[in-house]
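As you go down the protein sequences, you meet chains A and B in turn.
15 is the number of the first residue of the first sequence in this note's numbering; add one for each residue after it.
31 is the number of the first residue of the second sequence in this note's numbering; add one for each residue after it.
In case anyone wonders, no lab produced these hints; they're calculated from the structure.
For glycine and all other residues, C-beta sits at the position ideal for the given N, C-alpha and C.
A few of these clues could be false.
Listed below are several chain B residues computed to face chain A (Cβ distance under 8 Å; list not exhaustive) [what the hints assert, rightly or not]:
id	residue
1	Arg203
2	Tyr205
3	Ser316
4	Glu318
5	Asp667
6	Gly668
7	Arg671
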Amino acid sequence: MNQMSTEGYVTPDGRKIGGVMMEMRNITLRFGGVKAITDISFDIREGEIRAIIGPNGAGKSSMLNVISGFYVPQEGEVWFRGAQRPPMKPYQVAQQGIARTFQNIALFEGMSVLDNVMTGRLTHMKTGMLAQAIWKGKAEREEVENREVVEKIIDFLEIQAIRKTPVARLPYGLKKRVELARALAAEPSLLLLDEPMAGMNVEEKEDMSRFILDVNDEFGTTIALIEHDMGVVMDLSDRVVVMDYGKKIGDGTPSEVRNNQAVIDAYLGVAHD
Amino acid sequence: MVKNRRRRRSPARRENGLKGGSDLTQSSQAAGGLVSIPALLQRNAQRFGDKPAYREKEFGIWQTWTWKDVQREVDNLALGLINLGVNEGDFIAIIGGNRPHLYWSMVAAQSVGAVPVPLYQDSAAEEMAYVLDHCGARFVMAEDQEQVDKVIEIQDRLHQFEHMIYLDPRGLRKYDHSSLHDFRHVQEQGHAARDELASQLEKRRAKLDMASICVMLYTSGTTGKPKGVVLSNRNIIESAQNSSDFDKLGPGEEILAYLPMAWVGDFIFSVGQAFWTGFCVNCPESPETMVTDLREIGPTYYFAPPRVFETQLTNVMIRMEDASRMKKWLFRTFMATARRVGPDILDGKPVSFMDRMTYKLGEIFVYGPLKNTLGLSRVRIGYTAGEAIGPEIFDFYRSLGINLKQLYGQTEATVFITMQPDGEVRSDTVGVPAPGVELRIGDNGEVYYRSPGVFEYYYKNPESTADTKDAEGWVATGDAGFIEEGSGHLRIIDRAKDVGKMADGRLFAPKYVENKLKFYPNILEAVVFGNGRDSCMAFVNIDLSAVGNWAERNNISYSSYQELAGHPKVLDAVQAHVEEVNRSVAEDPILSGCQIHRFLILHKELDADDGEMTRTRKVRRRIVEEKYNDLITALYDGSERISTRTEVTYEDGRKGYISATLEIRDAKVHDNSAQKMAAE
Chain A
15 MNQMSTEGYV
25 TPDGRKIGGV
35 MMEMRNITLR
45 FGGVKAITDI
55 SFDIREGEIR
65 AIIGPNGAGK
75 SSMLNVISGF
85 YVPQEGEVWF
95 RGAQRPPMKP
105 YQVAQQGIAR
115 TFQNIALFEG
125 MSVLDNVMTG
135 RLTHMKTGML
145 AQAIWKGKAE
155 REEVENREVV
165 EKIIDFLEIQ
175 AIRKTPVARL
185 PYGLKKRVEL
195 ARALAAEPSL
205 LLLDEPMAGM
215 NVEEKEDMSR
225 FILDVNDEFG
235 TTIALIEHDM
245 GVVMDLSDRV
255 VVMDYGKKIG
265 DGTPSEVRNN
275 QAVIDAYLGV
285 AHD
Chain B
31 MVKNRRRRRS
41 PARRENGLKG
51 GSDLTQSSQA
61 AGGLVSIPAL
71 LQRNAQRFGD
81 KPAYREKEFG
91 IWQTWTWKDV
101 QREVDNLALG
111 LINLGVNEGD
121 FIAIIGGNRP
131 HLYWSMVAAQ
141 SVGAVPVPLY
151 QDSAAEEMAY
161 VLDHCGARFV
171 MAEDQEQVDK
181 VIEIQDRLHQ
191 FEHMIYLDPR
201 GLRKYDHSSL
211 HDFRHVQEQG
221 HAARDELASQ
231 LEKRRAKLDM
241 ASICVMLYTS
251 GTTGKPKGVV
261 LSNRNIIESA
271 QNSSDFDKLG
281 PGEEILAYLP
291 MAWVGDFIFS
301 VGQAFWTGFC
311 VNCPESPETM
321 VTDLREIGPT
331 YYFAPPRVFE
341 TQLTNVMIRM
351 EDASRMKKWL
361 FRTFMATARR
371 VGPDILDGKP
381 VSFMDRMTYK
391 LGEIFVYGPL
401 KNTLGLSRVR
411 IGYTAGEAIG
421 PEIFDFYRSL
431 GINLKQLYGQ
441 TEATVFITMQ
451 PDGEVRSDTV
461 GVPAPGVELR
471 IGDNGEVYYR
481 SPGVFEYYYK
491 NPESTADTKD
501 AEGWVATGDA
511 GFIEEGSGHL
521 RIIDRAKDVG
531 KMADGRLFAP
541 KYVENKLKFY
551 PNILEAVVFG
561 NGRDSCMAFV
571 NIDLSAVGNW
581 AERNNISYSS
591 YQELAGHPKV
601 LDAVQAHVEE
611 VNRSVAEDPI
621 LSGCQIHRFL
631 ILHKELDADD
641 GEMTRTRKVR
651 RRIVEEKYND
661 LITALYDGSE
671 RISTRTEVTY
681 EDGRKGYISA
691 TLEIRDAKVH
701 DNSAQKMAAE
C-alpha cells in the first residue's frame with residue numbers, strides 16, 4: 015500500500031481515507047532546556063483514525079497539545095486544511111472544528127451530564143448571556159436546537175440513564191464517555207482523544223473502542239488518539255506514529271509498526287504472537 | 031422448500047381443527063366483527079383516532095403516536111412486507127426490546143397473514159438458532175446491530191431465512207444490504223407501491239378470523255427445548271376481553287411496556303388488552319432508564335414479577351438506612367400504621383376513625399412521596415405473577431394503598447388462569463378462576479384448566495400437544511395445588527414434577543422451602559435437593575445488593591460476588607435464615623421432612639447465560655443438579671468444604687472458568703417425628 019500518496023488510500027476494511035487534513039512539519043518543542051519533541055513530521059488524513067503511541071514521557075501528550083494549538087512549537091509548522099496555522103487561542107481552535115478530551119477528565123463535576131454536554135455546543139451558540147438568561151425568542155429556539163443535537167449524542171453514546179446525574183457521582187468509565195460526548199457535541203471534524211481508555215477494565219475498553227469506531231463511521235470524524243494499550247491501538251487505528259524520547263521512531267499501519275525493529279526495541283520489548 | 035413446510039404444517043392444523051370444536055361452541059361472538067388484531071386496530075383508529083396509542087421516550091422526549099398514526103404505520107409496513115415478498119403463513123421473527131415499531135411489526139405481520147414470533151432479545155445466538163430454525167422464519171425484524179450480528183452469525187444454519195429488517199441503522203452502514211433492509215425504507219417502499227398492493231393487503235386482512243394464528247410464543251422451558259405455543263386470535267382477543275372486563279380496564283389506562291416481548295404477558299398487556307380497550311402503551315427509553323420512565327409515566331395498570339417488587343423494596347430500605355433520624359422516625363411510625371390498617375382501608379373494610387386520620391397524615395408525609403418515588407402513585411391495578419411473592423413484600427405495597435394483586439397463568443392459557451378480585455387479595459393464594467376459565471384438580475394434585483385462552487397447539491410437536499391438552503380441551507398446568515374450602519381460591523404448592531417423596535415417604539416440595547428462603551432480602555435464589563433421600567440440602571445465592579450494602583455498613587471489604595459469598599459472617603447470616611425457615615417448616619406436619627440439614631452458598635449467581643435458569647429467571651433444577659453434582663455429593667457425604675471449578679459463559683458467548691472452595695454449614699433441624707408418632 016502506497017500510503018504516502020497525497021490522494022489518500024483505502025483501509026483493509028474498505029473505508030476510503032481522504033487527503034491530508036493536518037500536517038506537522040519538523041515540529042520541535044522545548045520547555046526551557048528540556049526538549050519534549052524533536053523534529054517530528056507526520057500527517058493526519060480526512061476520515062482516518064490516527065494513533066500516537068510511545069512509552070511514558072515520550073512526548074505524546076505534548077504532541078497532542080501541539081495539534082490542539084495549546085502549545086506553540088519553537089520550530090516547525092502546523093498546517094491545517096492547506097494553510098499554515100498561526101498561534102491561536104483555544105476558542106479559535108475549537109471554532110476550526112477541533113475538539114478534544116483529556117487524560118485526567120476535565121468535566122464540570124457539579125453539573126449534570128446534560129449540562130456538561132451542552133457546554134460542548136457553546137461554539138454553535140450565538141445569543142448573548144443576557145438573552146440566554148431571559149430565555150425568550152431566539153435564545154430559547156437556539157437552546158432547543160442545540161439540545162436536539164445533544165440528545166442525539168446522548169442516544170448515540172447510550173448515556174440516557176445518567177442524563178440528569180451530576181458528573182461527580184459517576185464512575186470513572188462513564189465520566190470518560192461523558193467527556194467524549196461533550197467533545198462530540200461540538201460536531202468536530204477532528205477529534206483528539208488523550209488516552210481515552212486509560213484506567214478502564216476490559217469491558218469498558220471494548221465499549222469505548224466500539225464508540226470510537228462508530229463515531230468515525232457514523233459522523234466521518236477524523237480521530238487522533240493517544241493510547242497506552244497496544245492491543246487497542248492495533249485494532250482501532252488506521253495508521254500509527256510511534257514516539258520515544260521525543261523522537262519519531264516509526265510511522266505506518268499497525269502491522270508495519272508491529273514489525274518495525276526500532277519500535278519493538280523501544281517500546282514493545284518483545285513481539286507478541 | 032415452501033411446499034415442504036406446508037406439508038409439515040398440515041397435520042398440526044387438522045389436529046387443531048378436531049380439538050377446536052369445544053372452544054368454538056363456548057366462544058362468545060360478542061366481539062362483533064372484531065375477529066383479529068388488525069380489525070381491532072381499524073376500530074381504534076375510528077373510535078379513538080386522536081388518542082395516544084403508543085409512546086416512546088426518545089432523545090429525552092416522549093414521542094407519541096395516536097391510534098390513527100399507528101394504523102398508518104402498520105399499513106405502510108404491511109404493504110412493505112408484501113412488497114418484500116412475505117407470503118401468507120410465513121413466520122416473521124421479532125427480536126428486540128420494547129419499541130413501538132416492533133409491536134407494530136407484529137400487527138403488520140398478522141395483517142399480511144404471516145405469523146409473528148417474538149424472541150427474547152438477550153438470548154445468545156446459539157439459543158436463537160434453535161428457535162429461528164424450528165419455526166423456519168423467512169424474515170427477521172431486528173432492533174439494532176447487536177441483534178443483526180447474532181442472526182448473521184447463525185444464518186448458515188437457518189435454511190429458510192431470507193431477509194432481515196432492522197430498526198436502528200447505527201453501525202450497519204458497511205453491512206451487505208442485499209438481504210438487509212431499513213425499517214423505514216421498507217415502509218416507504220410499501221407506501222410507494224400502495225396502489226398496486228393495497229387490494230392484496232385488503233384481501234389478506236379480510237381472510238383473518240378468530241381461528242387464524244395471532245402469534246407464536248416460545249416457552250422458556252425449564253426442561254428441554256423451547257416449545258412454540260400457537261395462539262389464535264380467539265385466544266388473544268377473548269382473553270383480553272375477559273381480563274379487561276374483570277378489572278374494568280378502560281381506554282384511559284397507561285401502562286409501561288418493559289418486560290420481554292417474547293413473554294406472553296407482554297403480548298397480552300401491550301397488544302391484546304391495549305388493542306381491545308384502546309389504552310396507551312409507553313415504551314421506556316432504554317432498559318436502564320426504566321425507573322425514571324416509570325415515574326414520568328405513572329402507569330395506572332402495572333405488572334411486575336415479584337423480583338421487581340423485591341428489588342424496589344430492598345432499595346427503599348437501603349436508602350432509609352441513610353436517611354436522617356427524623357425521616358427514619360416518620361417512616362417507622364407511619365409504616366407501622368400502614369401495616370396495621372392499610373390493607374383494610376384498601377379493601378374497604380371498617381377501620382377506626384383515629385386510624386383513618388393517622389393513615390391520611392401518613393399519606394401526606396410518607397406513603398404519597400414514597401409511591402411517587404417508586405412511580406406507583408397512579409396505579410389502580412397492579413399485578414404480580416410468575417413466582418410466589420413474599421407476604422411481607424406483598425403487604426408492604428398494599429399497605430401503601432397500592433392495589434397489588436396476584437394472578438396465576440401460563441403461556442398455554444394466554445396468561446390468565448386465576449386472578450384475585452378486588453377485596454379478596456391475599457399473599458398465599460393466586461385467586462379465583464378468571465372469567466371463562468374452568469378449574470379442576472387431578473388425582474395427583476395437579477391443576478387442570480379449560481378456557482377460551484387455551485392454546486391451539488405446540489408448533490411441529492403433536493406429541494407434546496397431546497401430552498398437555500386432552501381431547502376435551504383440559505390442559506395440565508404442571509403445578510400441584512388445591513382449591514381452598516370456603517373462599518374458592520386456588521393455592522399452588524409446587525411444580526407437580528418437582529414434588530416428590532423423601533426416602534422415608536414424607537412429602538418433598540422444594541419450591542415451598544425455597545420460597546420461604548427467598549423471602550429474606552439477603553437470599554436471591556435457593557435450590558433445595560432431597561427427592562428420594564433421607565434429608566434435604568440447599569444451594570443458596572445471596573442478593574449482592576442487599577448483602578453488599580450490609581457488608582459496607584459492617585466494614586467488610588469484598589471485591590466480588592464470590593468473595594462476599596464465602597465470607598463467614600455472611601454464612602452466619604444465611605445460616606440464621608435457614609434455621610428460621612426450618613422452624614417454620616417443622617410446624618407443618620406434611621412438609622416437616624423438607625427441613626434443610628446442610629447448605630452452602632454458591633460461588634456464582636445462577637444465570638440464564640449458563641443455562642441454569644430460564645430467560646424468565648426460573649431455576650432449571652435438573653441442569654443445576656447435573657452441573658453441581660460434586661457439590662451435592664459433598665453436601666450429603668458430610669464434608670466440611672469442597673473445592674470446585676465451574677464453567678461460566680459471558681454475555682457475548684465466550685467461556686471461562688471460576689474455581690472456589692466452598693464451606694458447607696450444618697443447620698439446626700427440628701425433629702418432630704416423635705411428636706408425630708405420639709399424635710398418631
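To see whether the hints hold, each was checked on the structure:
no.	hint	verdict
1	Arg203	holds (7 Å)
2	Tyr205	violated (11 Å)
3	Ser316	holds (5 Å)
4	Glu318	holds (4 Å)
5	Asp667	violated (39 Å)
6	Gly668	violated (41 Å)
7	Arg671	violated (31 Å)
Of the numbered hints stated above, those contradicted by the structure are hints 2, 5, 6, 7, listed in ascending order.
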